[in-house]
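Participant: Going down the list, the protein sequences come from chains A and B. Its first residue numbered 1, the first sequence is counted upward by one per residue in this note's numbering. Its first residue numbered 1, the second sequence is counted upward by one per residue in this note's numbering.
It is possible that part of the hints are untrue.
[To be verified] Calculated lysine-lysine pairs in the PhoX-like style (CA-CA distance at most 25 Å, straight line):
| # | chain 1 | residue 1 | chain 2 | residue 2 |
| --- | --- | --- | --- | --- |
| 1 | B | Lys249 | A | Lys155 |
| 2 | B | Lys184 | A | Lys30 |
| 3 | B | Lys9 | B | Lys229 |
| 4 | A | Lys128 | B | Lys374 |
| 5 | B | Lys9 | B | Lys149 |
| 6 | B | Lys279 | B | Lys229 |
| 7 | A | Lys30 | B | Lys132 |
| 8 | A | Lys28 | B | Lys191 |
| 9 | A | Lys127 | B | Lys370 |
| 10 | A | Lys28 | B | Lys132 |
| 11 | A | Lys28 | B | Lys184 |
| 12 | B | Lys149 | B | Lys132 |
| 13 | B | Lys191 | A | Lys30 |
| 14 | B | Lys149 | B | Lys70 |
| 15 | B | Lys132 | A | Lys168 |
| 16 | A | Lys127 | B | Lys249 |
| 17 | B | Lys143 | A | Lys12 |
| 18 | B | Lys32 | B | Lys4 |
| 19 | B | Lys149 | B | Lys191 |
| 20 | B | Lys279 | B | Lys249 |
| 21 | B | Lys132 | A | Lys12 |
| 22 | A | Lys28 | B | Lys370 |
| 23 | A | Lys110 | A | Lys12 |
| 24 | A | Lys80 | B | Lys184 |
| 25 | B | Lys370 | B | Lys398 |
| 26 | A | Lys6 | A | Lys168 |
| 27 | A | Lys28 | B | Lys70 |
| 28 | B | Lys132 | A | Lys162 |
| 29 | B | Lys3 | B | Lys229 |
| 30 | B | Lys149 | B | Lys17 |
| 31 | B | Lys32 | B | Lys149 |
| 32 | B | Lys370 | A | Lys128 |
Hints are computed from structural coordinates only; laboratory data are not their basis. These numbers come from a predicted model, not from an experiment.
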Amino acid sequence: MAGSKKIQFSEKAMAYVRELIARYPAGKQKSAVIPILHLAQAEFDGWLSAPVMDYVASLLNIQSIEVYEVASFYSMFNLKPVGKCTIEVCHTSSCWLRGAEDIIRHIEKKLNISAGETTTDGMFTLKKVECLGACGYAPMFQVGADFYENLTIQKTDELLEKFRKEGKRQTYCNHLVDVK
Amino acid sequence: MGKKLLLDKVGVAGIQKYDVYRREGGYAAVEKALKALTPEIILDEVKKSGLRGRGGAGFPTGMKWSFLAKPPGVPRHLVCNADESEPGTFKDRYLMEKLPHLLIEGMITSSFALGANTSYIYIRGEYAYIYKILETAIQEAYKAGWLGKNILGTGYDLDLYMQIGAGAYICGEETALLESLEGKRGNPRIKPPFPAIAGLWGRPTVVNNVETLMAVVPIINFGGEAYSKIGIGRSTGTKLISASGHINKPGVYEIDLGLPVEEFIYSQEYCGGILGGRKMKAVVAGGSSVPILPTELILRTAKGEPRLMTYESLGDGGFATGTMLGSGGFIVMDESTSIVKNLYTFSRFYHHESCGQCSPCREGTGWMEKILHKVLSGHGTLRDIDLLWDIQQKIDGKTICPLGEAAAWPVASAIRHFRSEFEDFVKNPQSIQDVKHYYRLTGEKA
Ligand SMILES: Cc1cc2nc3c(=O)[nH]c(=O)nc-3n(C[C@H](O)[C@H](O)[C@H](O)COP(=O)(O)O)c2cc1C
Ligand code: SF4
Ligand code: FES
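Using the sequences and the hints, build the whole thing.
Facilitator: Here it is in structure tokens:
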């Protein structure tokens, strides 16, 4: 977290939090923790710091540890800062069969990072991930909530250029709710 | 041309929208169920249909529903398993993206049959864009009066909510899914009790796959008996198959159960043959967890009969010479594929996805990944192959949930059918770099 910024959801996000909690029976508000963590990650710079997780715990009236143990279990939650644009390339069987490794190697060379790293300008993080349910449209990667499929080297280059130009933070929440 | 029960309207422009879906005859099953049928009759139709769970295990849906406990005064729940994460499987995603209202229609009908007044769709976190499509469809259904209070004036109330995951294959296992839905880590529960007795928040719960719940719609529309006439023996109805790998036409296909495997792979209507006219080497027929089979055994059983796309025919010969229909994730590999490298991607996957509760699974998957990596980097020994065999045996059947088996079976079957390829790697590490046979490995840092 940027040190001085106050950790507080926007009014719109708060309305969404209330709606999420209402989906569960009274006293079972803990069920909303995963969608709220997605929202928090989208609102607070793309990752979950301890103060952000404490804030989520306070909203749900549960212990901080109950939030930490969830956040650390699921692979979509970042416990460290990441680039604005995280490129998640699937490298499981079907994608590997159709050339996922070529795409990964190409991005590594192009961005001058290894998988798992972030570019020095903080723009891109490259991640190798397991099957995303796009096996028939391989090779593919996910950026934010969107799938980019049937990739070629050329298409990959064009997409990297597009993300760089847009320069905005890509989040999974894009399609969940309009947070801003 | 097979019958299309789920995908018959998929080509209609705008079918994702409520108005179009309704105009094309959508929600007729809900009307029929709520106005003309009782929960008992619906259960009976589902039993008659012979429908089996499409999530992977193939358990008869009617029987599962009949196990649901009904203690007075305790709410019951229906939960749709839309976690779809089994490598090679992408049919639920296709179904939900193209036909969101069909899932809602199936869930209303099924919830009514089970006496559930609050139901949930648990969707994997990576499918966030589909979450949005379904959420929109649910709002439309509320507005049109198919959800909410006193549906169609029948006095039946139903709320349907989405819940999103955050990246964990194990949350597809039904008790892990329920834990996740309760806002916890996705650790599978020890069974019994089964969810039908104590599921979500300890209440009686049915968990069904997306495709299973959608199939309830044609069963109600046309009758269980008509549904049971499609297919062969205990494999009734149609099945969505996700086809990927080295084929000309990867994609999602709805087949009548009973279609010959050879026809599925080579006909233009389905996979359209092997990419580049090359020869086929092996197939994983039902998602990464099921045993891999070499070409001769996927096309024909050990007895020499044509292999059919049914639970029974794919299973013919047990694990010695057969496999499973599983989730219908059909991965085809051509002659250039390294079976060892493919297995490595699977073993890495299971190690990554193990929840870590049981030591055979947590430690065993890690060791299998490590040993395969060693073999692939040219440092393997013949003992390593035996060690792999030994480890998978020590996982199989000794864990809380079936992820352990799912990790063990691919290893066992790859060694069973392709042992010589493992030995080649060990005896002749240079072959790993041999572009002729293993060109898909050239990028690995040896
Ligand atoms: C490790 C593991 C992962 C699973 N993943 C899924 C899944 O993604 N989707 C699914 O429907 N079933 C999955 N299942 C099966 C479910 O536990 C459960 O049997 C299924 O949802 C029941 O629905 P059905 O009877 O309609 O098939 C998985 C099982 C295991 C052991
Ligand atoms: S078998 Fe593996 S995934 Fe299943 S409960 Fe045990 S450790 Fe977890
Ligand atoms: S293997 Fe890559 S999306 Fe399934």
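Participant: Now tell me, hint by hint, if it's right for this structure.
Facilitator: Against the structure, the hints:
1. B:Lys249 with A:Lys155: 20 Å, holds
2. B:Lys184 with A:Lys30: 8 Å, holds
3. B:Lys9 with B:Lys229: 21 Å, holds
4. A:Lys128 with B:Lys374: With a Cα-Cα distance of about 20 Å, the restraint between A:Lys128 and B:Lys374 holds, given a limit of 25 Å.
5. B:Lys9 with B:Lys149: Violated, at about 29 Å.
6. B:Lys279 with B:Lys229: Given pair B:Lys279, B:Lys229 is violated - Cα atoms ~35 Å apart, limit 25 Å.
7. A:Lys30 with B:Lys132: 22 Å, holds
8. A:Lys28 with B:Lys191: 23 Å, holds
9. A:Lys127 with B:Lys370: With Cα atoms ~20 Å apart, A:Lys127 and B:Lys370 stay inside 25 Å; holds.
10. A:Lys28 with B:Lys132: 24 Å, holds
11. A:Lys28 with B:Lys184: 12 Å, holds
12. B:Lys149 with B:Lys132: Cα-Cα ~23 Å, so holds.
13. B:Lys191 with A:Lys30: Status holds; Cα separation ~23 Å.
14. B:Lys149 with B:Lys70: 21 Å, holds
15. B:Lys132 with A:Lys168: Given that 25 Å is the threshold and the Cα spacing comes to 21 Å, the pair holds.
16. A:Lys127 with B:Lys249: 28 Å, violated
17. B:Lys143 with A:Lys12: 22 Å, holds
18. B:Lys32 with B:Lys4: Cα-Cα ~21 Å, so holds.
19. B:Lys149 with B:Lys191: 35 Å, violated
20. B:Lys279 with B:Lys249: 16 Å, holds
21. B:Lys132 with A:Lys12: 17 Å, holds
22. A:Lys28 with B:Lys370: 41 Å, violated
23. A:Lys110 with A:Lys12: The given pair, whose Cα atoms are some 38 Å apart, is violated under the 25 Å limit.
24. A:Lys80 with B:Lys184: 21 Å, holds
25. B:Lys370 with B:Lys398: At roughly 21 Å apart (the allowed maximum being 25 Å), B:Lys398 and B:Lys370 satisfy the hint.
26. A:Lys6 with A:Lys168: Given that 25 Å is the threshold and the Cα spacing comes to 21 Å, the pair holds.
27. A:Lys28 with B:Lys70: 21 Å, holds
28. B:Lys132 with A:Lys162: 24 Å, holds
29. B:Lys3 with B:Lys229: 11 Å, holds
30. B:Lys149 with B:Lys17: 22 Å, holds
31. B:Lys32 with B:Lys149: 18 Å, holds
32. B:Lys370 with A:Lys128: Within the cut-off at roughly 18 Å; holds.
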